[in-house]
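Top line first, the protein sequences correspond to chains A and B. Taking this note's numbering, the leading residue of the first sequence gets 43, the next gets one more, and so forth. Taking this note's numbering, the leading residue of the second sequence gets 2, the next gets one more, and so forth.
Calculated from the structure, these hints are not laboratory results. Hints may contain errors.
[What the hints assert, rightly or not] Chain A side only, calculated, beta carbon under 10 Å to chain B, not exhaustive:
1) 78
2) 126
3) 193
4) 202
5) 242
6) 263
7) 264
8) 303
9) 315
10) 319
11) 344
12) 348
13) 349
[Unchecked claim] Covered by chain B, per the in silico footprint, the following chain A stretches (three or more residues, Cβ under 8 Å):
14) 128-139
15) 228-240
16) 304-310
Backbone N, C-alpha and C define an ideal beta-carbon position, used for all residues, glycine too.
Listed below, chain by chain, are the residues.
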Amino acid sequence: MALAVTVARRLGVFALTAVVASILVFLLLSVLPGDVARAQLGMNASDAAVAQLRAELGLDRPAPVRYLDWAGGLLTGDLGTSYSSRTPVAPQVMDALQVSLLLVGAGMLVAVLIAVPLGTLAAARAHRPDGVLLSAISQVGIAVPNFLAALLLVAVFAVGLGWLPSSGWQPPTAGLDFLRHLALPALSLGLVRGAILSRYMRASVLDVADEDFMRTARAGGLTPAAALRRHGLRNALVPVVTVTGVEFSALIIGAVVIETVFVVPGLGSLLIRSVSARDLVQVQAIVMVVVLLVLVVNLLVDLLRTIIDPRIRRAS
Amino acid sequence: MTIGIAAAPANLDFTTQGGAAIFEALLGNVYEGLVRLDQDGEIQPLLAEAWEVSDDGLEYSFTLREGVSFHDGTPFDAEIVQFSLERLDEWTVNTPGNLGAIERVDVVSELEVAVVLSEPDYDVLFWLAGPLGAMFSPDSLDSLATEANGTGPFTFGEYQEAVRMTLLRNEDYWGDPAEVGEAAFAYYADAAAAANALRSGGVDALLRAEAYDQIGSFESDEDFDVAVGTSPGVVVMTLNAANEALSDVEVRRAITAAVDKEAVLAAATGGYGTILGGPSVPTDPYFTDFTGEIPFDPDAAAEALEEAGVAGASLRFTVPDRPYAEAAAQVIQDNLTSAGLDVTLAIQEFPAVWVEQTMTNQDFDLTIVNHVEPRNVVNYAHSDYYWGFDDAETAASFTRAAEATDDDEHQAAMAAATERIVSEAPGVWLYNPPHVVIARSGLEGLPENDLGVGMELARVTVSE
């Protein structure tokens, strides 16, 4: 029951946020400097050609009409036709989204695989030299920007050793080739995120270790490690899951640099190209898809937290 | 075989979508015209076997090649020529006005066609060799943005936007078939990523490579061959004569003398390319080296600016957000500050913002851009162009050049026009960007010079 209320409330917020976001996106893009028609036609287009294209694209209509037209299309799943590629926007955005989700998903997987053991170990050995060293390593990891990690990985594994391709993308159906192309971008994203997450994990484990129930568990005869495994980790994961959700949303668009370096046809690189070409229909579609995605992820994170920690369920 | 290149096409229709990337990939590979430019910039026959020009320069009679057909089977004949050239009115990009002199196209017989001009235009064959001269099948008009159906040595395979375009050997080609079975363009927005792809074997060669800092290391590596050719580009800083200080020709000449072009070239391309003194490039038949006309002389420049009473004047320098432009602009800002001017840089997104605010609204004092469109020097005859150059003597020379029917006459008139433009200094011509080709050893036959037409791949051979 409580879960149903949470979901219903969440869905309400979801719808309201989507409407507000669509208005904001539309307004912001309409004040973006640079003429759409000129951006399509390039440097040497005549004024007549520009005016004609503006009319063809419907840009000479008043803003409210254009908004309603677009928003109406959104509701029916029609995202319009791209100005620059002249093909429907929806399949392009969905293809790019699929690529981005795979990339970011793999990146998060790498991050979690690094963060949970590293953060736990750093917390468990917080007051010993090796724990301090682990902590310092993760600190350095945070300071490394994604793209630098990407360049280093490419220099070593693609250019130097020749083990993996330096760029490009293959769909999952390509099997091993897909994994080979996914490896370096996912590592570039995951290593840095993993360092950040491991800090949260460490702090979270340390917090939990001071809790009364942990002291009770140890007093009952469990070793500190066993107490952490049986009672501590699950509690420590709650804030980490929250952070992971926030990070995931940020990563979808934040992966743009990685997508550029590795020529991955994801949402971030599509967005950059669309903005540069003033392909507003496509930009609007991408931003809306991201907004919806972030809302969905937040919803999932909330649900996941209630599953991990029954106290949250009872509280709501 | 995969070729890495920077700019990616937005779609495949170069009749309505701007950007040279589209026809660079398709022209000479998928699409063909009546004539083509060879690597020396000379006009050569292609779909036309021969042609004659009438004495008054108003009629071009072409004899067409026999047995040519489009990839979808449509036969190529005089009616196709008529259809394609009379359709130029519907082009919105790539300056269809360059062939504006064409009045009509007469079908004489199945393989003979006459292009009739309303006024003489010496450059007609040159423009026919470029994108405007491409031959289209009437049946494929609806799918120009997503398919490409031409008569060329490659058929269109597929295009994955901004990632890869694949071309396949046309087994039924009318001429010598392409050497490779499959040729692909891979697009790299990032120059370093392109260089990495070449080093790690992801691509076989880079055309118009822009990672200038890495050229040296490729040159010293025996696994790679580096060739530095020319491009049709002119990187020019335009001085807006609508600004009172810049309306004085002495001020414009002083600014020219204040700019250290060697330093600009070093900053923008690592020193590759050719320093210019005027608005023509080495591959133009009428090219003259004007670099000695107004030599770099910072002291004389400062003095002249002082004398003209503009020392301390504030100038707004709008700069496209491209690495070459930003690098060059910083050097120039430094030069002009030393000469006593107060220059503020305003970086503008290119093309969207720069084209609107600087080029169309002409809201700038100084600006810089690489004009990649060939022979656009004639825009110095158009006072409404953003260069704002209004000079009757120059316009008269261009008219004489257009009316010329023999090469010497044309070249002489063009040279006279350029000389006049240089002396008036409406801009500071900085350099002709290099066309750098880096290929792995064993790959031969890539076009060394970029002539502003297609990047022809049919003669490229690959050996392991």
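Interface hint status, residue 263(A) versus chain B (Cβ within 10 Å): This hint is violated: residue 263(A) lies away from chain B, its Cβ roughly 56 Å from the closest one there, beyond 10 Å.
For the region 228-240 of chain A, do three or more residues have a beta carbon lying closer than 8 Å to a beta carbon of chain B? Check failed, 0 qualifying residues.
Is the interface hint satisfied for residue 126(A)? The criterion is a beta-carbon contact with chain B at less than 10 Å. 4 Å, holds
Three residues or more, CB to CB closer than 8 Å: is that satisfied between the region 304-310 of chain A and chain B? holds (count 3)
Would the hint on residue 349(A) stand, with a C-beta cut-off of 10 Å toward chain B? With Cβ-Cβ at 39 Å, over 10 Å, it is violated.
Hint validity - residue 315(A) Cβ closer than 10 Å to any chain B Cβ: 6 Å, holds
Against chain B, is residue 344(A) within 10 Å by beta-carbon distance? 36 Å, violated
Interface hint for residue 264(A), Cβ within 10 Å of any Cβ on chain B: 51 Å, violated
Please check whether residue 303(A) passes as an interface residue: C-beta within 10 Å of a C-beta belonging to chain B. At about 6 Å, which falls below the 10 Å cut-off, the nearest Cβ of chain B leaves the hint on residue 303(A) intact, so it holds.
Can residue 348(A) be said to touch chain B, with a Cβ gap under 10 Å? 41 Å, violated
Interface hint status, residue 319(A) versus chain B (Cβ within 10 Å): 6 Å, holds
Using the nearest Cβ pair, does residue 78(A) come within less than 10 Å of chain B? With Cβ-Cβ at 8 Å, under 10 Å, it holds.
Comparing the model with each earlier hint shows violations of hints 5, 6, 7, 11, 12, 13, 15; every other hint is respected.
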